[in-house]
Amino acid sequence: MPITPTHYMLLSAALFIIGVIGVMVRRNIIIIFMSIELILNAVNINLIAFSDQLHNVIGQVFAVFVIAVAAAEAAVGLGIILAFYRNKESVNIDEMNLMRW
Amino acid sequence: MIDTFIIPTLKILIVLNATLVGVSYMTLLERKVIAWAQSRLGPMRVGPQGVLQPIADAVKLILKEDITPSKADKWVFTAAPVISMVPALIVYAVIPFGPVVRLFGRDVSLYITDVNVGLLYIVSVASVGVYGIILAGYASNSKFPLLASLRASAQLISYEVAVTLTLVSVILMSGSLSMVSIVNAQYNAHVWFGFVQPVAFVIFVIGSLAETNRAPFDLPEAEQELTGGFHTEYSGMRFALFFLAEYANMIVVSSVATTLFFGGWLRPFPNVAALHFLDVIPSWTWFLIKSFVFLYLFIWIRATLPRYRYDQLMRLGWKVLIPVAILNLVVTGIVKVMLL
Amino acid sequence: MAHAIAFYTLAAFILGFAILVVTTKDTVHSVLFLVLDFLFVAALYVMLNAPFLAVIQVLVYAGGIVVLYLFVVMLVNLKRPPEAHSDPHRMTKFGFGLAGAVLIELGAIVVSGYMKAPAVTSPAQNLPVSGNTEQVGWLLYTNYLIPFEIASMLLLVAMIGAIVLAKREL
Amino acid sequence: MTTNAFEAATVHGEMFDTNELVINMGPQHPSTHGVLRVVLRLDGEKVVDAEVVIGYLHRGIEKLSENRNWTQIILLTDRMDYVAAATSNVGYCETVEKLMAIEVPRRAKYIRTILMELQRIASHCLWVGTHAMDIGAMTVFLYAFRERELILDLFEEFCGARLTYNSMRIGGLPLDIPPGWDKKVLAFCDIMDGKIDEYETLLTHNRIWLERTKGVGVISGAEATALGLCGPALRGSGVARDVRKDEPYSAYAEMDFDIPVGVQGDTYDRYLVRMEEFRQSLRIIRQATQGIPEGPIVGKVPRLIKPAAGETYHAIESPKGELGYFIVSDGKSTNPYRFRVRPPSFCNLQALPRLVRGHLVADVVALIGSIDIVLGEVDR
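Residue numbers (my numbering), protein chains in the order written: chain A, 1 to 101; chain B, 1 to 340; chain C, 1 to 170; chain D, 1 to 380.
Keep in mind that the hints were calculated from the coordinates and are not lab data.
All clues given are correct.
Below are the DMTMM-like pairs computed for lysine to aspartate or glutamate, each with C-alpha atoms no more than 20 angstroms apart in a straight line: (1) Lys93/C - Asp94/A; (2) Lys71/B - Asp26/C; (3) Lys98/D - Glu247/D.
These figures come from a predicted structure and were not determined experimentally.
Isolated chain A, as found in the complex (with noise of 0.2 angstroms):
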């Protein structure tokens, strides 16, 4: 029973729909956040697979940008989160409604 880059496939959507669920049904943003970082595993999982497969290195050399993108997300989310928090006192996704304040 080989494993092909299929079940890689199946994997990396899978964790991408849970990802996906994550950011559709929690309320809380830093679980919104945490699933979103799921789905960026996802498309890791999917480009490293194929990098395997193709014996090519660019699908890893990709996979360092996502990082590097998902790291510059978290911190910029993450600093937003702690400015909303100061003046909500909440991480309620759906009380975010302002642009400025």
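Mind docking chains B, C and D on chain A? Use the hints.
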């Protein structure tokens, strides 16, 4: 079968046990050395000169009541000491205690494994160790541990940057991330990297003091300020695990410093044939001697220096060590490109 | 066979922890499950001959980003769980619907992939996979130098942005 | 769901900003020097406000004294500043002597001076040890205690006790110094000279020590006076107030010594002042020991101590600052009508909230150390 399974298992067992014994005797060494520095005798009652003290301590800690505060987050509270202990132990997988030697008619390498991302592996595993401290502070649900764990995580993350940058300078010298290759590169370069990278070495030592929460950077467990730091609410064996982790980490950074900057298992002047008689001493002995020097240095510093304040610690890390480390890296790169 | 066992074990752990991440009530526990999830993803990378990525995953994700999450969760300690506001399951149907749509789409891709003949069997650049740290580095600093620099600029901007956002008085 | 540590600290709905944290430092805390309790309001690590809560060691010494006869009170004064018990003894005895106008023989005055200065060194040893320990330098603590032990040995030889001496009597001393004791005191002075340098090597020019103490808890001379600071804490701010010089008692009028003063009024200056006081004390001890006159050790004291009706206040310079006794006698009974102590630690402690405001948690312990309190004296 023997080569793929039994020998690695044996090596893991030996390294793990040696580490745990080493860690428990580190506590005795620390108490003795500090005692001598302070014109005391240190532990003297258990065994001759107190040599059985670690065993007595272990028995005491195991027999002590294990208290979990009623408002604590129980799972996390239990997991935290384990989380801080495990990374400290699994780092030993890539530390080379010696080269490949002939043992009972078989080529045996004196390291558990040699992965080609060895150094990065150490850095990444060490970075997971911070969870133990953060979670201990959080799960205790008490203010002093919480303050301490916030301090600790900020400190660890900040100094990790400086330490990692110094490691990059060493990687530039060796051209490899594998710990064994780094030692071999020092053999081929005819010099220990500590002498060509003195700045990196100094930053590494300062940074590793901070990363292992040792004086003068022992803010997360500053007894005089935060009562007991992040392990205020811990007792018994769980408390002991934090201590074991701290000492295991000290041994780890000493081993890494030895490998990266002082030639690992190599004898002094490995290329000078006149000193060939030194080869009768096994290579791993050199490794242990050099590591011991670092451990002694750590204890010595603790006996001598006062403690930094939180903001001063951060200033030192971000405004001094990191810029200097970056500068050192740039200079190393330029010199490497220009001269080699 | 060993490969398959390893894959299914890792996949089970990855998906299991991912589900726990999005379902756990306590945010701190959620963050911890995320760390475990990332560690298993790293193990998967090792299986896929990408040890460098595995280490980076642990170093950057587990050791950096998630610590940041934990930090924020501890700072933003909530007096009232956010789900308690209004209707907690207001978006649930929509969310599952969307997820289902994505699932169908991906399934369609996989199925259509099976229908066609396997197109890519001969790799274009047949580089040796061992020691891929060097290759990744080489590519990053040659072919992908500009994206790499942009990524570093992005990180710098993100760093400044985070400081500006999170600091109360500048 | 776990409740969190911040929750208890935040008054409900009051703050939208990042939580202000209230923590209790003490009464069981390694560096509040006993049972002091400081309630800190923190913003992150910064101290917004501090409240000092005292009374955990209250034994009612002042009230108790009204029901003890005049000699028995000496024993109670031991229990106030228990790291410098002889100084408290002398302060009390001199107050009663002043009230009864008893002339103390010069020999007794000289010996009292030696004992008080030895106590100052012992007390400062304890201070430098704990202060350094609070800031994280653990070795100084054991060095200082090693020397303090020598002083305790001297006291043991003199009066048999090592902590609570009960070593004074109204009108003089209970017993004369043992033969050869003065030689031992001089020998101790020679040892101590080198040891002070040893402490200073470890601390005075240590960069971490400088960073931790310079500019921490700055207080101007005028403000320090207004807050009622006394002793080294006041002199660190540049005010040369010392009871030994300003209102000489015992044999201090005949001694030659300097009053060290600071400039900045920060923790480092208070540290330097005390380190210099070590040396000045040694200077006084040397002069006094070499000049002990012959003669009786007790003055003319009536068999029944019963001062005439009246009141008096007398202050001496204890290691912590101005230690004053206010005593009222009704002239009828054999115990004081009113007995009140002005303990220097208590007066200095009230400056703590002012000193710590705006500093970090780590500075709080440095500042508690820097004002050098003894809870036995604060709570009495």
